[in-house]
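J.: As a plain string of letters, each chain reads:
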Amino acid sequence: MFDQLSDRLQQSLSEVRSRGTLNEGDVEVAMREIRLALLEADVNFKVVKSFVASVKERCLGADVLESLDPGQQVVKIVNEELAALMGGASRDLAMASSGTTVILMAGLQGSGKTTACAKLAKLMAKDGKSVALVACDTQRPGAVEQLVTMGERAGADVYEQGTEPAPPEIAEWGLKRAREERKDVLVVDTAGRLHVDEELMDELAEIKKRTKPHDVLLVLDAMTGQDAVNVAEQFSEQAEFDGVLLTKLDGDARGGAALSVKAVTGKPILYASTGEKIEQLERFHPERMASRILGMGDVMSLIEKAEEVSDEKEAAELERKIRKQEFTLEDFLKQMRQVRKMGPLQNVLGLMPGMGKAMKQMRQADMDDGELDRLEAIILSMTPAERARPEMIDGSRRKRIAQGSGTTVTGVNQLVKQFAQMKKLMAQLAQGKMPDPQQLMKGMR
Amino acid sequence: MAGGGFKRLRESLQRSREALSAEITSSLFDKLDAAAFERIEEALIMADLGAPATAEVVGRLEADVESGSVSEGPAVRERLVELLAGLAEVGELRLEADPGPAVVMVVGVNGTGKTTTIGKLALDLKQERGLDVVLAAADTYRAAAIEQLEAWAERAGTDIVRGSPGGDAGAVIFDAIEAAESRGADVVVADTAGRLHTHGNLMDELAKVRRVAAKRLEGAPHETLIVIDATTGQNGLRQAQAFADAVDVTGVVLTKLDGTAKGGIALAISRELQIPVKLIGVGEGIEDLRPFDSREFAEALVGE
Numbered sequence: 283m284f285d286q287l288s289d290r291l292q293q294s295l296s297e298v299r300s301r302g303t304l305n306e307g308d309v310e311v312a313m314r315e316i317r318l319a320l321l322e323a324d325v326n327f328k329v330v331k332s333f334v335a336s337v338k339e340r341c342l343g344a345d346v347l348e349s350l351d352p353g354q355q356v357v358k359i360v361n362e363e364l365a366a367l368m369g370g371a372s373r374d375l376a377m378a379s380s381g382t383t384v385i386l387m388a389g390l391q392g393s394g395k396t397t398a399c400a401k402l403a404k405l406m407a408k409d410g411k412s413v414a415l416v417a418c419d420t421q422r423p424g425a426v427e428q429l430v431t432m433g434e435r436a437g438a439d440v441y442e443q444g445t446e447p448a449p450p451e452i453a454e455w456g457l458k459r460a461r462e463e464r465k466d467v468l469v470v471d472t473a474g475r476l477h478v479d480e481e482l483m484d485e486l487a488e489i490k491k492r493t494k495p496h497d498v499l500l501v502l503d504a505m506t507g508q509d510a511v512n513v514a515e516q517f518s519e520q521a522e523f524d525g526v527l528l529t530k531l532d533g534d535a536r537g538g539a540a541l542s543v544k545a546v547t548g549k550p551i552l553y554a555s556t557g558e559k560i561e562q563l564e565r566f567h568p569e570r571m572a573s574r575i576l577g578m579g580d581v582m583s584l585i586e587k588a589e590e591v592s593d594e595k596e597a598a599e600l601e602r603k604i605r606k607q608e609f610t611l612e613d614f615l616k617q618m619r620q621v622r623k624m625g626p627l628q629n630v631l632g633l634m635p636g637m638g639k640a641m642k643q644m645r646q647a648d649m650d651d652g653e654l655d656r657l658e659a660i661i662l663s664m665t666p667a668e669r670a671r672p673e674m675i676d677g678s679r680r681k682r683i684a685q686g687s688g689t690t691v692t693g694v695n696q697l698v699k700q701f702a703q704m705k706k707l708m709a710q711l712a713q714g715k716m717p718d719p720q721q722l723m724k725g726m727r
Numbered sequence: 210m211a212g213g214g215f216k217r218l219r220e221s222l223q224r225s226r227e228a229l230s231a232e233i234t235s236s237l238f239d240k241l242d243a244a245a246f247e248r249i250e251e252a253l254i255m256a257d258l259g260a261p262a263t264a265e266v267v268g269r270l271e272a273d274v275e276s277g278s279v280s281e282g283p284a285v286r287e288r289l290v291e292l293l294a295g296l297a298e299v300g301e302l303r304l305e306a307d308p309g310p311a312v313v314m315v316v317g318v319n320g321t322g323k324t325t326t327i328g329k330l331a332l333d334l335k336q337e338r339g340l341d342v343v344l345a346a347a348d349t350y351r352a353a354a355i356e357q358l359e360a361w362a363e364r365a366g367t368d369i370v371r372g373s374p375g376g377d378a379g380a381v382i383f384d385a386i387e388a389a390e391s392r393g394a395d396v397v398v399a400d401t402a403g404r405l406h407t408h409g410n411l412m413d414e415l416a417k418v419r420r421v422a423a424k425r426l427e428g429a430p431h432e433t434l435i436v437i438d439a440t441t442g443q444n445g446l447r448q449a450q451a452f453a454d455a456v457d458v459t460g461v462v463l464t465k466l467d468g469t470a471k472g473g474i475a476l477a478i479s480r481e482l483q484i485p486v487k488l489i490g491v492g493e494g495i496e497d498l499r500p501f502d503s504r505e506f507a508e509a510l511v512g513e
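In the order they appear, the protein sequences are chains A and B. Start counting the first sequence at 283; every next residue gets the next number (the numbering used here). Start counting the second sequence at 210; every next residue gets the next number (the numbering used here).
The hints are simulated quantities; they were obtained by calculation from the structure and are not laboratory data. In this text, a Cβ means the ideal position worked out from N, Cα and C, and glycines have one as well. There could be a bad hint or two in this list.
Claimed, not checked - Heads up, simulated DSSO-like pairs for lysine-lysine below, C-alpha to C-alpha not over 27 Å straight-line:
| # | chain 1 | residue 1 | chain 2 | residue 2 |
| --- | --- | --- | --- | --- |
| 1 | A | Lys458 | A | Lys411 |
| 2 | A | Lys331 | A | Lys549 |
| 3 | A | Lys328 | B | Lys417 |
| 4 | A | Lys616 | A | Lys603 |
| 5 | B | Lys417 | A | Lys559 |
| 6 | A | Lys331 | B | Lys240 |
To be verified - If you want the ones that stay clear, here's a sample from chain A, every Cβ over 12 Å from chain B, calculated:
| # | residue |
| --- | --- |
| 7 | Pro423 |
| 8 | Leu600 |
| 9 | Glu612 |
| 10 | Glu658 |
| 11 | Ala684 |
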């Protein structure tokens, strides 16, 4: 697995550094690594081929030859080219200047259309828009019920006529009703269909004809492999979709399919679904996706999340404490809670560059949110004095804390010992020495 | 399972074959130069076989050609089919349990086709094999998942034990085993909520459901099948690994082979994790759930 393309590139180009120049052979080696990383990320083979060709051309340019760190330089070029290919900033949905805006959702079976409909409704309802959903999936058993339930959760009206009428009829009826009820937005849910199923693709075209949607969104599973290109081409040809809504991005798929679809159809990716909860739908950020595909972590998202939960003054105070090794268990507790506000631990770490390996170790070591719950319980069972000076915790205190937190004396011991190690490591970190993430994780355990 | 005959698979893989044969044609095997091997490599990558498995297969094919053990065009093609088939571990459903019933638990990420697979499986077990089946609607998370399985139970004419939305999935399996035992049913097939393998808490919950089944009936679950969507790319490997770690997966079901996706990821999973592929889904119809045959699969992948 290519947890860090950048590491691999720097490794493969390490000799170049001493030599000072990149020759064609070096570039070949680097291109092989890039090619493999992109294939691993499920970028379409043909897209990879043309992409690597253009990167190679740039890498052979003079500015690279003179650069101090060719590995870094190559990474930079790859990142830039990838971001360019992913497209500029994403756009908003096209809203009608007056009356009801219609959004038609289409995609393969299981890509997540029904859930995406509800999430989109929720997002727009948050903007103060009145939203209705119309249930045109008459194929899958239970699909109508699912939309009704999820629509309710999203605070949107759901129009349904069961599974008897033809989907184009239901869609047309739904639009009429949405206009009568003066809805701002109507989202049309459709059955999942294979791009090669002519009958169903014709039906989709008919729904489109009857509802004249302002935007047609292709719902695409982020885990899709090489076939994404075929799917997108067919849907583009027969339903002329305007943009993509990428689902299941909360997994660990690199999401190369997103790049392939953009490269082949030129259609932008507008939204990304990032979790099970109904409000977990975000505007898509192409430049972040580039880093994710390369396995370089989504630093921007992490910073944004951190900004959401932290306070500048507090952060400065914390930094001072860390530097002076005055960091207490009380601070640790506060920090831990803040990190947890950012989401499940594995999600957060997944966004951090270079944490791929640490995450794997965590999984092996069972370092999960349950573990954090235990740590929290232990600290909460300590007195303020103990939290400030954990070295005062003796045998009888340990026993009391273990009992109070429902853990074991060994557990308490471990926490105290590892906190001391961690304090040391953090002080180093603050002084600009980057410790090995592996060691850092050990410190946390 | 509705017996033999893989004509249907071949037909449904027709499109895959057309796409592939653009890369691999019989004439390709006549002149085996570097470009030809590269074309084969491309074709396998496009089939989602992944870089490591592709490198292994093409490397071995190249070695065989170099050593002269295969030389003729058709023999080279045949060797490629053999090598691909050799990547797969093939397995059959274990449906014997003593004392019964046999418990089959179906797991996977969201949207791979778990509920549909279970519906088809129930129909097949009941109508083709004459087995008495109880379905356990243990996907208590997704809205209307229970209704979806109920529709299938009705079609198949099997019993179904359902929980309440948001309820405890373990309790549903527990009750289903109890119900099956009390009336001497042969098989319990349990649906579970789709979950991304990266959500640790949801994976823990799944492991708990499995433990509940194991506690209630010795040896259960007798089968734990992971459903993989054929359109899935290399992430399929991570999915299989994570589910195997959490619930000891005993087989893969590869669904949605009726599109243009070739499902090469199933071979990669088999090769890397030694988990056999047991069933494939080649269409929307009930008869479209079939036993996996590595040879037929490889043939369909390479084309005429």
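J.: Determine for every hint whether it applies to the structure shown.
T.: Checked hints:
1. A/Lys458 x A/Lys411: With Cα atoms ~18 Å apart, A/Lys458 and A/Lys411 stay inside 27 Å; holds.
2. A/Lys331 x A/Lys549: Holds - the C-alpha atoms of A/Lys549 and A/Lys331 are around 20 Å apart, at most 27 Å.
3. A/Lys328 x B/Lys417: violated (43 Å)
4. A/Lys616 x A/Lys603: holds (13 Å)
5. B/Lys417 x A/Lys559: Measuring from Cα to Cα gives roughly 22 Å; hence the hint holds.
6. A/Lys331 x B/Lys240: Since the Cα atoms of A/Lys331 and B/Lys240 sit roughly 23 Å apart, the hinted pair holds (cutoff 27 Å).
7. Pro423: violated (3 Å)
8. Leu600: holds (27 Å)
9. Glu612: holds (27 Å)
10. Glu658: holds (16 Å)
11. Ala684: Nearest chain B Cβ is 24 Å from A/Ala684, so the label holds.
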